[in-house]
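All chains, full assembly: derive it from the sequences and hints.
Heads up: the protein sequence lines correspond to chains C and U, in order. By this note's numbering, the letter at position 160 of the first sequence is numbered 369, and the numbering carries on one by one without gaps. By this note's numbering, the letter at position 45 of the second sequence is numbered 36, and the numbering carries on one by one without gaps.
Heads up, a few of these hints could be off.
Unchecked claim - Taking lysine-lysine pairs in the DSSO-like style, the calculated list, with each CA pair at most 27 Å apart, reads: (1) C/K492 x U/K134; (2) U/K139 x U/K95; (3) U/K26 x C/K628; (4) U/K95 x C/K609; (5) U/K61 x C/K442; (6) C/K645 x C/K609; (7) C/K322 x C/K378; (8) C/K442 x U/K26; (9) U/K141 x C/K645; (10) U/K70 x C/K524; (11) C/K215 x C/K238.
Note that these hints are calculated values from the structure, not bench results. Just so you know, these numbers come straight off a predicted model, no measurement behind them.
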Amino acid sequence: MMRNEKALLRSAEAGNIKAIKALARRYDKASGRWTDEPNVGESISLSEFFANMEREENEPCKEKAFEWFMRGAQLGDPECMYEVAHRIYDAIGCCKDEEWKSRGKKSFEWYLKSAQAGYVPAMRITAYMYGGLCVEKNEPESFRWYLKAAELGDENSAREVAKCYAKGKGTDKNLAEADKWLAKLSDEDYRSTLHDLAQSSDDDKIMWLDRLIEFGDALALKYKADVYAAEQKFSEALELYIKAGMGDPEGYNQDVLSEALVQSGNIYYTGETGTQSDDLALKYYRLAARKRYIKGMVHCGRLLYDRGELDEAEKYFDYAANHRENFPFVNRINGVAREYMGHICARRGDMAQAYHWYALASEDYNNQAMKLKMADAYFYGDGVPQDVTKAIALYEEAGKYPSHEYFFEARTKLGWIYKLGEFVDKDSAKAEEHWKELRKLDKEED
Amino acid sequence: MRELIEQWASAGDPNAMIKLAELCIKEDRLDEAKKLLAQAADKNYRPAAINLARILHDEGNLPEAVTFYKKAVELGDVKAMNVLIDLFPNDNETLDFVLENINKRYDNIYITSAGRFAFGSMRVEEYTPQYGEAVERRRIRNKILQLKAKEA
Chain C
210 MMRNEKALLR SAEAGNIKAI KALARRYDKA SGRWTDEPNV GESISLSEFF
260 ANMEREENEP CKEKAFEWFM RGAQLGDPEC MYEVAHRIYD AIGCCKDEEW
310 KSRGKKSFEW YLKSAQAGYV PAMRITAYMY GGLCVEKNEP ESFRWYLKAA
360 ELGDENSARE VAKCYAKGKG TDKNLAEADK WLAKLSDEDY RSTLHDLAQS
410 SDDDKIMWLD RLIEFGDALA LKYKADVYAA EQKFSEALEL YIKAGMGDPE
460 GYNQDVLSEA LVQSGNIYYT GETGTQSDDL ALKYYRLAAR KRYIKGMVHC
510 GRLLYDRGEL DEAEKYFDYA ANHRENFPFV NRINGVAREY MGHICARRGD
560 MAQAYHWYAL ASEDYNNQAM KLKMADAYFY GDGVPQDVTK AIALYEEAGK
610 YPSHEYFFEA RTKLGWIYKL GEFVDKDSAK AEEHWKELRK LDKEED
Chain U
-8 MRELIEQWAS AGDPNAMIKL AELCIKEDRL DEAKKLLAQA ADKNYRPAAI
42 NLARILHDEG NLPEAVTFYK KAVELGDVKA MNVLIDLFPN DNETLDFVLE
92 NINKRYDNIY ITSAGRFAFG SMRVEEYTPQ YGEAVERRRI RNKILQLKAK
142 EA
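Given below as structure tokens:
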């Protein structure tokens, strides 16, 4: 141990708060812990989450950090109280075997103490937890703490205060007061608070969306159109969808704006306003596809395929079928695009390539038709080498849940496989089990 | 392959009946194919109903074809719905029949962007077969409503 470290330890042991905090932070840093970890009620992006998933952490250092923060908390330091509360809540260096709810209750006590001692970040979390996280919901108390933190300059709490006044949560509804607090926010916070309000309120939804539109927010046009579409007011919805989709503002979620174009196309394709127009539908689907929006591409491809324009359809399906996203576990396979790549090859007479695509399409959890098609292909050796084991696995996937589109067909086949027992051990009871479920569904429908 | 198909079809497997019917069609044995498809359709096997309806339609046997188009509609076949309303755009009974079968399903194609990153739920940018079918059903529904309005 270096001389200055010894001195720091001696000072901390003697109860010097500054030294205690410095020592605790040293251990915290040495623990390899994710120091920017989100606190209670905070969220993070998926990329941050993945970037911090595989850290090598040092447990004894985390425990030491907790011990020193606890020493500071017991000596009455509000920042240490806050750190202790956070560590108890997330079981960092302590309470490993304790249930989350019980940890939550304990951590709340420390957050409250820290808030009462005047520490602003703790006030915000106390307010958040009074919303019903691990403690009994108490909206007036939640509002009181948000207001206190906001009055001390905490911008996040100011957002919450505005929302409480706007919705009458924990206090009387007061739009003038809400406006007063909204006016204090930065442009970015103002916008996101209005989005929160629009999303969470039913009665005032349009009012908040109109405010956002007035502010020049492109997403609000799309969300307002969604409201109209849900109310079956398609002319109004169409006008807003087009306006949202045709703008090209930077800094907005482009997928949402592309979705507005797809919805414009849908309204023309389905004829919601009384006019069915494939040409206009294709125009908007194409605009969405140009933004590399997968759904737009598949819509374009399907319309062109139905018209027999296979070469152009193929361009869209090919891109969509091979599209991959950055995060593996949210990566879905676009089975419809793969299925249509197969149909295109089949129409051109290239059955080997068609089955290549059908097999890929059958990997899509959602594509029950392709699962059934490939199950039949493997069962009979039609287009692919016969492989009954693969066939059975695919029939089982296609008939897993009654909500599956081809549940009936898949279950019927599985029943026959067990009844005839040519490829598996004959099992009449199992066959009957498959069919019984189908009869049960028939009765429910009757 | 043929032996396997024949064996399973004669045992009563509707899936094998369709495969055998496909082979019969290739060999121009249409009557046999129709018989097999009718048997499979009778077991509520959707692909059999639509395939048989098409064969009968091509042969010019419209009344019989309609029976099987209707069966396919009852089993949820979107293509059969389209054919029926194209065949009988002024027949209220047929239009109501198709509409009733569309209304049996919950179709919401106008979804908001809320669930975009919700794990496990359908994301906005996803084009699933179910979504595609829902869009088609919505198109047919609107076509029927327009036809009925014109008639009125």
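Proposed proximity, U/K134 with C/K492 (alpha carbon, max 27 Å): This hinted pair holds, its Cα atoms lying about 21 Å apart.
Restraint check for U/K95 with C/K609, where alpha carbons must lie at most 27 Å apart: holds (22 Å)
27 Å limit on alpha-carbon distance, applied to hinted pair C/K322 and C/K378: holds (24 Å)
Pairwise hint evaluation, C/K609 against C/K645, where the allowed Cα distance is 27 Å at most: Measuring from Cα to Cα gives roughly 14 Å; hence the hint holds.
Satisfaction of hint between C/K524 and U/K70, Cα-Cα up to 27 Å: holds (25 Å)
Restraint status (C-alpha distance of C/K215 to C/K238 at most 27 Å): Roughly 18 Å between the alpha carbons, so the hint for C/K215 and C/K238 holds.
27 Å limit on alpha-carbon distance, applied to hinted pair U/K61 and C/K442: Violated: U/K61 and C/K442 sit about 32 Å apart, past 27 Å.
Restraint check for U/K141 with C/K645, where alpha carbons must lie at most 27 Å apart: violated (46 Å)
Holds or violated: U/K26 to C/K628, with C-alpha atoms at most 27 Å apart: Satisfied, since the Cα-Cα distance of roughly 23 Å is no more than 27 Å.
Proposed proximity, U/K95 with U/K139 (alpha carbon, max 27 Å): holds (19 Å)
Restraint status (C-alpha distance of C/K442 to U/K26 at most 27 Å): violated (49 Å)
Comparing the model with each earlier hint shows violations of hints 5, 8 and 9; every other hint is respected.
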